[in-house]
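Asks: These are the residues of each chain, in order.
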Amino acid sequence: MFKDITLGQYFPGHSFIHRLDPRTKILAVIIYITSIFCIKSFLGYAVLAAFTVLCVLSSKIPFKFVLKGLKPIMIFVIITAIFNLFLTDGKILVRWSFITITYEGVRLAIFMVLRLFFLVLGTSILTLTTSPIALTDGIEYLLSPLKKVGVPAHELAMMMTIALRFVPTLLEETDKIIKAQTARGADFESGNLINRAKAMIPILIPLFISAFRRADDLAVAMECRCYRGGENRTRLRELKMKKGDVFGWFALVCLVGLIVLANVAYGRINI
Amino acid sequence: MIKLTDVSYTYMTGGPFEKAAVSDVNLTLNNGDFIGLMGHTGSGKSTLIQMIAGLIKPTSGTIEIDGQTLHSKDCNMRKIRFKTGLVMQYPEYQLFEETVFKDIAFGPSNMQLPDEDIKRRVEFAADLVGLAPEILEKSPFELSGGQKRRVAIAGVLAMEPQLLILDEPTAGLDPAGRDEILCKIKDMHRRLGITVILVSHSMEDLANITNRIVVMNHGRVAMHDKTSEIFKKSEELQKMGLAVPQITEICEKLRAAGLPLSEGIYTVEMAKAEIEKVLKK
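Heads up: the sequence lines are chains A and B, in that order. Going by the working numbering, the residue at position 54 of the first sequence is 54; the numbering climbs one at a time, nothing skipped. Going by the working numbering, the residue at position 21 of the second sequence is 21; the numbering climbs one at a time, nothing skipped.
Hints listed in this document are in silico derivations from the structure and should not be mistaken for laboratory results. Glycine is no exception: its CB is placed at the ideal position from the N, C-alpha and C atoms. Check each hint, because a few of them may be wrong.
Stated by the list, open to error - Examples of chain B residues lying across from chain A (beta carbon under 8 Å, computed): (1) Ile2; (2) Leu55; (3) Arg78; (4) Arg81; (5) Leu86; (6) Pro91; (7) Tyr93; (8) Gly107; (9) Met111; (10) Leu113; (11) Gly155; (12) Val156.
Throw the hints in and build the complete structure from the sequences for me.
Replies: What follows is the structure, given as structure tokens:
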């Protein structure tokens, strides 16, 4: 039942993108997201689309698998598009009784859809090609300058690692509990909202209890191995920037450059 | 009668982690039998019984229970689920109610039975698994592990299923608790005349109480026969990584040493009788 979620799932591999340093990838995604919102023209989005396609191709993850991540946000995207389409003022394109569609509305709706799609695609490329451990290592490293002002970077990263580590476990557990209660004749599909909410109780209570039990067990297990937080802690795998990362940064600089060019061009000619 | 035709199940179809758990299983199980299902970890036992209980749909193939095809249009899945009771692995983690009584009553009240009927069933099921009446008013969370397990099993029994499936009901219990639960299950099978499928990878458990055994290996049915016949093939079983009961192993060794014992001995009583017979000659 929960086995088909792609968002935030790791797709193991050894491609160029997989081997990039997680710090490179995290910063790249931040730059990528910023540029999504800076683009002013379709030309800019074309550049971004080409970059995204190149990334997916070099990651060797099947396109179908990456696109599956878009499915859960579809309704959200459609609603956003409809709002932008009908509620934007400007040059009127179509008028039919109380509905008016403007040129600016169409443009904005398409932009919004593109932005949301690229947002999800960009972040899914990051999570699909980076193992959760590498991801949190990268985040810890990037946050470590903030340690000086009292941000517990290591603890935050550890909390994230643990949370990510337990997502599949808890999903599996939920699946098991749902099956067990279904076998006892629990009915989750029929009835009104209140009845359906009530039907969740036999799932939520065992789930909470097991989550607390797991947290307790894990805390004891960590204590037993003398875990004392980030102080003086060394790591098995040190993060190291490699040649590939230089190339990655070069590609990223090219992307930003092209987007800036596209924006400048948009100021001169209107596409 | 349970009839499985070409049943297969694949996890995460199409993804990078695609894995066939059960492939091309053909199996016919008769009503009233006490069936042992064994195979080592990852052999597809749990997936198979979840399909029989109607919780997951086979990727291909059909399952018929008493002439009704599961997941077909004219089949009421809820009714089928009331007919089959499934006790999953570590069932004590599904307890959620305030009192033991309410928890055992969860199944029967989902069946929308009248209150007095529910009360009768709860008391009957509690008695069957050996829970004292005063425990019924306690919270399930203050009980010991073994007692919780029994409450969970009672919760399934209270639905009075005609087919009872137990997935490793003795996992994680001490030997005394294990023997007691197995004894209760055997007793239930005798008293209620229901069909029981017991999943286990412990030969010792299965040898004593089942009359038929299905052996799974790599998602396929490797053997399906009477219990006594299965243990004659101890060499094949060991090749699949399954241990035969210790007493079978001893008898094999005795026979190899020249003692003319018959094949397929799997309980201590059988061995005793056989050895006495041979020695008297």
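Asks: State for each hint whether it applies.
Replies: For each hint, the structure was consulted:
1. Ile2: violated (16 Å)
2. Leu55: holds (5 Å)
3. Arg78: With a closest approach of 7 Å, the B/Arg78 hint holds.
4. Arg81: holds (6 Å)
5. Leu86: For B/Leu86, the interface hint holds, since the closest Cβ of chain A sits about 4 Å away, which is under 8 Å.
6. Pro91: holds (7 Å)
7. Tyr93: holds (6 Å)
8. Gly107: holds (4 Å)
9. Met111: holds (6 Å)
10. Leu113: violated (11 Å)
11. Gly155: holds (6 Å)
12. Val156: holds (7 Å)
In this structure, the hints that do not hold are numbers 1, 10, in rising order.
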